[in-house]
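Construct the complete structure from the given sequences, taking the supplied hints into account.
Going by the numbering used here, the sequence shown opens with residue 418, and the numbers climb by one from there.
If you're looking for bench data, these hints aren't it; they were derived computationally from the structure.
Hints are supplied without guarantee of correctness; some may be wrong.
[Said to hold, decoys possible] Distance windows between CB atoms, simulated:
#1 A459 to G437: 44 to 54 Å
#2 A458 to A426: 50 to 60 Å
#3 V447 to Q472: 35 to 45 Å
#4 V445 to D470: 53 to 63 Å
#5 M430 to L456: 35 to 45 Å
#6 G452 to P427: 49 to 59 Å
#7 D422 to L455: 49 to 59 Å
#8 W438 to Q472: 31 to 41 Å
In this text, all values refer to a predicted model and were calculated from it rather than measured experimentally.
For each residue, glycine too, the CB sits at the ideal point set by N, CA and C.
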Amino acid sequence: MPSDDRLPAPGDMTVPPWSGWEEVLAGVLVLMAAGVVLLLAALARGGAGERADWQAWLAARPTRRTADSPAAAPGPATAPGPETCGGPPGR
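Structural data, given as structure tokens:
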């Protein structure tokens, strides 16, 4: 049986265009699936605990006291205005 030693003609496609890309496509699909799974897991557990922690932190903060409350700190009830500081800047 004679061997086929002839060279392909110029421009002749000897390799299919998608040869070797199956592995790349499979890898991209696996990464996309893993990303979707991680996103769904983050969405499922992300909101419940954080909201309770945030509300507990807000509840633990001290409230502002007015001058009428008995536990108000001594000192001026308002911040010093321009009349006590020498007027507006630029004079």
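Evaluation of the provided hints:
Between A459 and G437 the Cβ separation comes to about 34 Å, which falls outside the hinted range of 44 to 54 Å. About 55 Å separates the C-beta atoms of A458 and A426, a value consistent with the hinted range of 50 to 60 Å. The given range of 35 to 45 Å is respected by V447 and Q472, whose C-beta atoms sit roughly 39 Å from each other. Between V445 and D470 the C-beta distance comes to about 37 Å, which lies outside the given range of 53 to 63 Å.
M430 and L456 have their C-beta atoms about 40 Å apart, which keeps the hinted 35 to 45 Å range intact. Between G452 and P427 the beta carbon distance is about 44 Å. The supplied range of 49 to 59 Å is therefore violated. For D422 paired with L455, a C-beta distance near 54 Å keeps the hint of 49 to 59 Å intact. Distance hint for W438 and Q472: a CB-CB separation of about 51 Å, inconsistent with the stated range 31 to 41 Å.
Of the numbered hints listed earlier, those contradicted by the structure are 1, 4, 6 and 8.
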